[in-house]
Structures are given as C-alpha cells and as structure tokens.
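S.K.: Here are the chains, one letter per residue:
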Amino acid sequence: MSLLGGGIFKGMAVTLRNFVGSYFYKDRLTTNDYSWRPTDKLPQHAGEYPKEEGEQLRDATTVTNYSRNFPMLLHDGSEPMDTIRCVACQICERECPPQCIYIEKSTEKKENAGGKPQFYPAKFDIDVSVCMSCQICVEVCPFDAIVMNSQFELSTPDRFGGLLLRRDDLLKSNDYYHNIHPEEAAARDKRIAEEKAAKEAKKKAAAEAARKKAEEKAKADAEASEGTPDIQEDAE
Amino acid sequence: MGPHHPSTHGVFRMDVKLDGETVVDLQPVFGYLHRNHEKLAENMSYLGSMPFTDRLDYFNSMTNNWAYALAAEKLVEIEVPERADYLRVIMAELTRLVNHVSLVGFFINDLGALGTPLLYAFREREKILDLFEQASGARMMCNYFRFGGLRNDVPEGWLDRARDVVDHFPVFLDEYEQLLCENEIILSRTQGVGCLSRDLAISAGITGPMLRASGVNYDIRKVDKYSIYDRFQFRVPYTDGNVGDCYDRFMVRMLEMRESIRILKQALDGIGDGPVLGNAPKVFKPKPAEVYGRVEAPKGELGFYLIADGTPKPYRYRVRPPSLINLTVLRDMCLGQKVADAVIILGSIDIVLGEVDR
Amino acid sequence: MSHTVNHESILGKFPGTNWDQEAGALIVPAVQAKEIATWLRDNDAFLLDYCSNVTGVDYLECEVKEKVTKEDGTVETVTRTEPSRMDVVYHLYSMQKQTGPLVFKQRTNREQPEVESLTPVWRSCELQEREVFDLFGVNFKSHPDQRRILMWDEFEGHPMRKDYTEPFDYEWEPTPHDEILEKHQRGKVIV
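Protein chains in written order, with the numbering used here: chain A, 1 to 236; chain B, 1 to 358; chain C, 1 to 191.
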C-alpha cells in the first residue's frame, strides 16, 4: 500500500535536489549568464556603432564560433573598395527568398586586387528588418564575396532608415571573418586556394600543349619548305 | 477562449459553450498565423522555400526540412550519401527529443505546475540547441538540409559532444519520471480525460504519438522505412487501445524519448566518413511529375505533396500538417469534460500554430 | 518503401473511373465518389481506412505541345488546348494492411466547382475539405460544416487560385524595403 501523496513527495525530493544542486553543479542551473557586457552608448543610426573593428569583435566572439546572424561583404586587404570581392553579379539578389538585397551595378569597371578590371556594386543594400538569416546568399555566391556575420546588436532608434545596411556598413575584412568564424573561414580560404591552384595548373598544361603543338607545326613547316624546291624543278 | 491565452500554445481560439463548468460545445477557430506558405512557395524556387519550411513547425525545424528534402529527392531521384543519411537521422531524433521533452513540460505547465518541469526540460533542450547551432549556425531555424544531403558537415568534435548529451539524457529522464509519473495530481487529472477510441482515431486521420496512445501500431519510420531507419533496432510504444486518454499520450511520449535515445546511440556508433552532399543538379528543374513524401515528425505524419511542371518553381506545393488534422477530434474529446480538462486535452494533442495555419 | 495498391480491380468494378498513368492517380467522377470511397474503405482487398491528405489543385486553360507519331512514322508537334479544371486530390493509406498510397482525384470544372464530400467516409477530410473550400472555392456537397477555416469569415475571394489578385488595401508605411519591392515589381529582379 503506497503512502497517499507519496508521488508528490518523490517529486518534491527531485525539486529539492535540483535546487540545492544548482548551487554546486552548473549542470543543474536552468539559466545561463552571458559573460559579455554591452557598451553603454546607443547607436544613432546604423553603421555608427561600433566604429572600429576591434570593438565589434567584443560582442561577436563571445557567442559561439558558428552562429550566424546577418550577411556581410568581404574584402581582402586594408582598403575595402580596392579589394572588394563582390562583382555585382546579382545572383544573391535573385535567390534571396524574402528579397531583401538591392544591388546597383557600377557603370564602369575598376581594377581589383588581382589587376583585372571588374564591375563592383555601386549600391548594395540589405534590409535587415526583412532578412531572415537563411544563408542562401552565401551558398549561391560564386565569388565567396558574401558570408554571414554574427553581430546581433543592430538596434537603432530610427525605424525607417536605420535598419537598411548599406555597402560600406557591410564591408568587413577577411581577417575579421577569421576572427569570428575561424573554422569556416579557414575552410573557405583553403578551397579558394585549391581552386586557384587547379586553374593555374590547367592553364599551364594548356600552355604546354599549345607550345608543343606550335613546335611540331614549325618542324613540319620546316621539313615541307626543304622539300619544295625539288618539286618545283620537276613541275617546271 | 481567445487567441491571447497562455495555454493555447500559440494564437488559437476555442469557442466553448458551457453549462456551468461542463463543456457542451466547442469550436476551434484558427487562421491567425496564416501566411499562405503554399502560395509563396509557388513563386519561389525549390531551394528558396527551404528556409520557409523551417518556420512551419518552429520547434522541429530539422524534421520539416527533411520532409521537404525527401519529397524533392523523390521527384528528381538523387542519391543521398550514407554519412548524410546518418546525420539526418541523428538530427531528426535529437529534434524528437527536443519536441517531446518540451511538450511534456508545457503539458505539465498547463496542469498547473507553473514552470518547474518546463524549465528542467528547457535546460536539456538548450544543450541540444547548442548542438544545432554548432552544426548549422542557428538554434531553431536551421535551414540545414539540402536536396541530396546536408548543407555542410558537422564541425570537429561535434559527434563527441552529441554523444555526451545523449549519454546524459537517460539520467535526466529518470529524474524527470521520478518527478512526474507517480504524482497523484497528474494521475488524477489526466487519467480518464480526453478518451479517444481506436476507430475514431484511424478514421480521423490522427497520426503520431496520439494515434499510438489510442492503440494503433503505426509508425511511418517502420512502415515506409525511409532513409536508413531499417538499420536501427527500436521499438514503437503503443497502448492496447482501451482508453486513449491524456495520460496515455503523456506516457507514450516519455517512452518514445527512450527509444529515440536508443536510435541515437546506434547512429552515433555507426556513422562513417564521406561526403555529405550528393550530386544535386545545379538548377533544380524536375520533369513534370507529382510526388507525396512523408516523414514521422514528432507531432505526427508530416507530408509534402509536390507537383512539378518542368519549371524551376513548383506548380503545387502542399504541406500536410499533423497538428491541423489532429485537431479534428478536439471537439469529440472535450464534450462532457470540464473547462480545465479542455486545456489539458489541447495540451496533449500537441499543436503548434505555425503548422496548423501555415 | 510504401507498398503500392493495385488499381486494376477498381477500374473493372466501377466503369466510370480512369487511371491517369502520368500522375499515378485514379480519376473518379463526382457522382460515384462516395460509393467508391466507401467500397475502398470496407473491401477486404484494400481496407483503405486512413485518408492522409486532401488538397486542391487549380489548372488554368493552357496549351500543351505534344509530339505525335503518325502512321507513316513521321513525328509531328501538335498543339492542343488543355481545358481548365480543378482537382481535389486524396491520398489514401491502409493502416491495417500497412500499404501505400492510392491517389484518388475528383475532377470538376473551374466555374462552378462542386464535388462530393467524403467526410462521412473518412473523418479526417472534415477540416481539410473546409480548407479546400476556403482557399480554392470548391463546394463540397453534404459536408457537415462548410465554412471558411483559415481566412476570416467575411473574406472575399479564394487565395490559392492561380488567377487570384491581391486587393490593394495594405496600410502603407515607409520602410527601406519599399525600394527593393518596387524594383522587384518593375521586373528587374527575376526569381
């Protein structure tokens, strides 16, 4: 015969165990304490806060290294517009499910870091109030120009323009990307290097083959030109 | 009982006609969260509506993704690599753990145990959500599955972390059962409440734990054997169908969690190396065909009916929502019960409004 | 994998039905639908007691190009007009036999779509047929409670139809997104 209310007592024992245990074992604690502190200033419009990349790192690295929030554009060197990877091909604009990207291509080409003239985006706006962080723009970009940032403190008091991130707000360096997503950035760089190496090897092989062909052709021409005087005499 | 109510699991309204405290008539009213997902998908490419499937049943985004990926893979006949299949099963079973443990928490919350079991459940759920974040980048709206596999491989050390979570879960479940299953209040309030007979359950198209609590042994993982479920040994808990009351549904879910842990252990042991994305075509443009793909979501049978017409957009995209169809019998179960019981019955049906309304 | 159901015997017993090979579905005329459904549910060979999914599909009138091989061997491309129609598609399973889907379609026209309700046969059709009525406008005869389910009761129009246009009654608020939306509507962004 069981004690009336015995089940309730058993349950209370569990609750007590969890309550007392939460002081000693972090495992039993139901709440988490974030170990970062937000800075004290409020942003007046998007892009103002925080200004230096060092400041941005403070709230981005304390979340896990894998989380994603909103997109950002990558550039490779110290001058953003000189080394921007985006060529304004507008594939991400087409594929974005909620259609939050707005791109205007530049009218003339500019030299990029590799020396090749290419287009660049004159305007690249992402409406962050619509973006749902689905990462599809990252997947479809053929130039590895857009990746996910993990910065989440983007609130502004300006309801209408404050949530539109423009091109200069979105540009971040590749080093920043390595800081916030080390594994992903390393894998991406590795893949880019491999593709470049493969392309170089292919070009070299094609150049080799073309050179060989040209040599053989020249040899054949030389042999043919040696033989023709005899034929000419016969013809005459 | 209007749309803003803490116990209605979302914006759900029940027009209840009462005689004293006894329910005489009950009409569910929903549509407050209707986003016409099906029409949106007709204007979007196939891949573009994958993030929207996350938001259908927002608790179990991985399973929604899987159902859609399964239907689309049937259309185009893509081969899924083995490691991707194992990871898919791991993600789906983790989702099932998340769902059942949260549901039990919410159910007990509806009974009046304001928060304690719920927060214990959420404490475990946080560990699993951390795993999801490390794999896909987001805690809930993962957008992780692709046609032919997964978007990216899990990071290093993820499998060990997953194994830690899975090893600790039975300990937690034992404690949770000790907290709940012999509690007299729960027993007296859920036994005999909301009985659902076997024939009505089959005829009304109920699926999932609710059906198994009414005595039918039907689990789509065993019937359809989609993906690699036939490699795992697991049992399907179901009752003998004499009473299909709220207590049965609650216990079926607790037992299913144990079976999920069993599958997870087998999957984590058996996973091998390899690619995670098969050869999907660059532009997903299937030939005209129609297909119905279904999975055993934690809430029931989640099916996707796709009609393709040769263009990159689907012609007709239909989601078969388990929560909506499980609501067919809400009125039958609640007649003659008290108002407080109506809340418990709704809690045991396990609805989530994102799926009911789409 | 699910075990498919053999449809040959149905075609023999009910002469009005057709089998659509491309879709893998049984096309059933509305007058016989309830009879066939009851037979499918009760007959021992089928025992299709579980109706899993009820949905509507809207087909506008369209032109279909087909390659026809004539008797003398030449292949000709023929254009024919496929008439408009509205389908109500049912996916049926058997829980007792654990057999796989039989797709069952009731076909009707688009102007006055009317089909027979199968709620008396399978209870799961109740809410789903209400949804088809709400979003497509198909009238289900002898449905116990036919009214709008997802849209509000005074809503006019049927949103899932292919020729549905949204009414211009949104409350406008200046957001940065409008620029993007305008560009999309002007046709510059192709999805």
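Hints may be right or wrong, so weigh each one.
Cut-off 27 Å, straight-line C-alpha distance, at most; resulting in silico cross-link-like pairs (DSSO-like, lysine-lysine) [claimed, not checked]:
| no. | chain 1 | residue 1 | chain 2 | residue 2 |
| --- | --- | --- | --- | --- |
| 1 | C | Lys162 | C | Lys141 |
| 2 | B | Lys74 | C | Lys141 |
| 3 | A | Lys202 | B | Lys222 |
| 4 | C | Lys65 | B | Lys313 |
| 5 | B | Lys39 | C | Lys97 |
| 6 | C | Lys141 | B | Lys287 |
| 7 | C | Lys105 | B | Lys74 |
| 8 | B | Lys39 | C | Lys105 |
| 9 | A | Lys199 | B | Lys39 |
| 10 | C | Lys97 | B | Lys285 |
| 11 | C | Lys97 | B | Lys74 |
Partner residues aside, some chain C positions facing chain B, computed with beta carbon under 10 Å [claimed, not checked]:
| no. | residue |
| --- | --- |
| 12 | Trp39 |
| 13 | Gly137 |
| 14 | Asn139 |
| 15 | Lys162 |
Worth flagging that the hints you see were computed from the coordinates, not collected in a lab.
Computed from a prediction, not measured in an experiment: that's the story for all the values here.
For each residue, glycine too, the CB sits at the ideal point set by N, CA and C.
S.K.: Hint by hint, which ones does this structure get wrong, listed from lowest number up?
M.R.: The structure breaks hints 2, 3, 5, 6, 9, 10, 12, 13, 14; every other hint is satisfied.
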